[in-house]
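S.K.: Listed below, chain by chain, are the residues.
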Amino acid sequence: MTIVNLARFQFAMTTVFHFFFVPFSIGTVFVVAIMESIYVHTKNEQYQRMAKFWGKIFLLSFAVGVVTGLIQEFQFGMNWSDYSRFMGDIFGAPLAFEALLSFFIESTFIGLWMFTWDRVGKKLHLFFIWMVVFGTMTSALWILTANSFMQHPVGYTIRNGRAEMVDFGALLTNPQLFFEYGHVILGALLTGATIITGLAAFQLLKKRQLSKENTKVYHKTMRLGMTLMLVFSVATMLMGDLQMKYLIKEQPMKFAATEAVYKTTGKQAPWTVVGIADTKTHEVKGKIDIPVMLSVLSYGKTTGSVKGMEQVNAELKKQYGTTIAGHKMNYYVPVNTLFWSFRVMAGFGALIALCSLVGLILTHKNKMTLYQHRWCLWVMALLTFAPFLMNTSGWLITELGRAPWTVYGLFTIAQSVSPNVSVASLLISNIVYFCLFSSLAVILIGLIVRALHNDPFDQAAASAKIMDPFAKGAF
Amino acid sequence: MTMLQILWFFLIGLLFAAFFFLDGFDYGVGMAVKTLAHNEAERTQLIRTIGPVWDGNEVWLITAGGAMFASFPYWYATLFSGYYLILLVILVGLIIRGVSFEFRAQSPMEKKPRWDNTLALGSLIVPFFFGVMFISMIKGMPIDAQGNIQAHFFDYFNWFSIVGGVALTLLTYLHGLNYIALKTTGAIQARAQNYSQAFYWVLYLGEVIFALLLLFQTDFIKVHPLSTLLGLALIVAFSVLAHANTFKNRNGWAFVFSGLTLVSLVALLFSGLFPRLMISSISSQYDLMIKSASSSNYTLIVMTIATLVLVPCILVYTAFAYWIFRKRIEMPRVEVR
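Protein sequence lines, in the order shown, are assigned to chains X and P.
Under UniProt numbering, residues 1 to 475 are what the first sequence spells out, in order.
Under UniProt numbering, residues 1 to 337 are what the second sequence spells out, in order.
For the record, the hints were derived by calculation from the structure and aren't laboratory data.
Fair warning: there could be bad hints in the mix.
With a straight-line cut-off of 35 Å between C-alpha atoms, the simulated DSBU-like cross-links for lysine-lysine are [to be verified]:
#1 X:Lys212 <-> P:Lys112
#2 P:Lys112 <-> X:Lys122
#3 P:Lys222 <-> P:Lys139
#4 X:Lys216 <-> X:Lys123
For clarity, every value in this text was computed on a predicted model and none was experimentally measured.
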C-alpha cells in the first residue's frame, strides 16, 4: 500500500459517495420546484402536498450531499498537497466562487424554504425554492469549471513551477466545460425525475389501502416524473454523444478505451457491443461486433477510422516522454472499467428513455394501464436505482480515463500526492470514511423509507399537530 | 508583498472571524442541547433557534477554506496536509453534526436522543480542534525547506494548544448561551443567562493562562508588541462587557460582545502572524510568507472582483433570513407523540 494508492482509493470512495447525492439533490429539488410552481400557478393543493412530501426526500439527500462535500474541499490539501501547490492558482478560484455564489444561496434559501410554508406569500416561497435550484446548478458549474481544466487545460501559463491563470474567461469558455456541464446537469435532472417517479411507483405498489387523494397524488407524480425522464434522458444522451465526439479529438485514449479499440481500425469501424479486453495481449475476447457502427457513432457517417490505444499510447509517449519526474510513463487507462462503465451508463439511459415513453403512452388521457399492472410499476420502481449506477459509471469514465494525469498533459497523479502524509494516516482516514459513509447510507435509506411511510395527505394532517416543529405559530 | 496579497490575508482572517462569530453560537447551542436543556421540548426549542440559519453560517468556513486554497495555495497545502489527523477529526465532527439536524427532524421520537448526542459531540469537537490547530500553528510547527510539516504528537498537542482548544470551546459555548438567552423565552432563557454568568468566571481564568502562554510560548510580543497587547486587551474587555450585559438582561448586547470576543481572538492570531502565514519551528527561513505563498496577481484580481460583487449580496439575503426568523422561540407545547 503506497500513499498514492491509498490517496486514490480515498478520492474514488469519497467522490463516488458524494456523487450519489449531488445529482440526487440537484434533480429532486428541480422536480420539487416544478411541483410548487404548478401549485402556485393552478392553486391545486395536491401539488403543494407533493412538493412538501418529495421535499423531505430532497432535504435528506441534501444533508448528506453537503457533509460529504466538505471532505472534497479538505482532501485536496490533505492528500494532494503538491497538486494544490501546482494548481491552487487556478483550481482554488472556482472553488471559492462556488462557496460565494452557490453555497450561501443554497443554504440560506433552503433554511427559508423549509421553515416558511404558510408564513410568507406563495410567490415569495416559490422564489425561495428556485433560488435553491439556482444555487445547486451554479455550484455544479463552478466545480466542473475546475474539473474541465483538469481534463483540458486552457488559459494558463507555467511559471514558478506551477500553473498560473492568465485568462479567466478561457476557463469559463472551455469547450470541455460546455459538454461536461451539459451532460452532468441533464444527467442530474434525469436522476431526480427517475428517483421521484420510482419512489412513487413503490408507494403505489405497497399493498395497503391508499386513499383516493393519495393515489391521485402518486399518479400525478409519476406522470410528471415520466415526462421529465423522457425529456432529460433524450437530452442527456444527445449531449453525451456530442461529448464523445469531442473526446475523440481531445482525449483519444479515453475514447478508445470506452470502445476497447487497441489497434487503429479500418475505414469502416465495427462497434463492439460486449467483450473483455486482455490488457496484456491487447486482444478483446468474446466480443460481439456490429459492422460499421463505430464509424457511425463516432462521425455520423459510414466511413471513418478510429485511433486505437496502441497508436495513441505511442503518440502520447512521443509528446510527453517516457519518464516524468522519475516515473516511467505508460498512457494506457483501465480499459475494461471504462468499456463496461460506458455500457452501463448508456444502456440504462436508453432503458429509461424507453420505459418513460411507454409509461407515458400507458397513462395518456387518464388511462390506467400502467397502474393496473404490478409488473409495470415494478419496472418503474426498480429504475430508482439506475441513476446511481449511471452517475458512478460516468464519473469513472471521466476520471479514470484521464490517467495518468491529474491535470491533462501537465501534472501526473504520482506528482500530486502529499509527500509528508504517512501510510498510517491515510489508512486511518480511509477506514474512518468508509465506516462513516456506510452508516450514513444505512441511516439515510432508513429515513427515506420512513419518510415514505406517511402518504402526503395523512402526513399533512399529522404534521399540522405534532410532526413539524416549525409549523405556523411556532414563532 | 503587494497590496492585494495583504488584502487577501486580511480577508481570510475576516472570513474566519465571520465563521467564528456566526457559526460559533451554533456550536454553543449544539453543546447546550446536552448541557442546558432538561427535556425533549427544551432540546427542540434550542435546535429551532439555529435550525434555519446554521447551514448558511457554516458556509463561512467553507468559503474560508476555498479562499485560502485560491489566494494562498501554499498555505492551504502546508496546513491541510500537516494537520491531517486533526482535520480528519474536525471533518468527522462537522459531518455528524451536519446530518444530525435533518436526521433528528425526520427520526422517530425514540431515536432523537442519538442525534442530540451527535449534534453535541460534533459541536464540541469542531471548536476544540480548531483551537488546537490555530494555537499550535502560531507557536510554530516543524516546517521543512519544501514547506511540508513533519510533526510529532507533541507539536500538535501541548499545554498551550490544549488551553487554546478549551478556551475556544468555552468561548463558543458562552456565545451560544448568549444567543439562546436572546432567542428563547421561558425557563431555558433564564437558565442560559445563569450559566453564562457563571462560566465567564472560568473564562477569565482561561484568558489569563492563555495570555501568559502567548507571551512566553510565541514570538508575538517580540514581533508585534502593540497589536498583541491590544488584542489581548480587547478579548478581555469584550468578555467583561458581555458578562456585564448578561446581568442587565441585555441579551442582544451580551451576544454581540461575545461574538466580538471571538473576532478579537482571530484578529490577535492573524496580526501576530503577519507578514508570515505559518511559523517554522526549524528555522525562520522556512516560515511561510504572505509574499511567496500566494496565488498570482491575476488570480487575486479575479477573486477580488468576485468578492466585491458577491459579498454584499450575501450580506443582504443573510440579513433578510435573520430578519424573517427574528422572533424568539417559545417552548413547543405539544411535542411528544
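S.K.: With reference to the structure, classify each hint as holding or not holding.
M.R.: Hint-by-hint comparison with the structure:
1. Between Lys212 of chain X and Lys112 of chain P the alpha-carbon distance is near 33 Å, which keeps this suggested pair within the 35 Å criterion.
2. Pair hint Lys112 of chain P plus Lys122 of chain X holds up; C-alpha atoms about 32 Å apart against a cutoff of 35 Å.
3. A distance of roughly 13 Å separates the Cα atoms of Lys222 of chain P and Lys139 of chain P; the hinted pair therefore holds under the 35 Å criterion.
4. At most 35 Å may separate the alpha-carbon atoms for a hinted pair to count; Lys216 of chain X and Lys123 of chain X meet this at roughly 25 Å.
Consistency note: the structure conflicts with none of the earlier hints.
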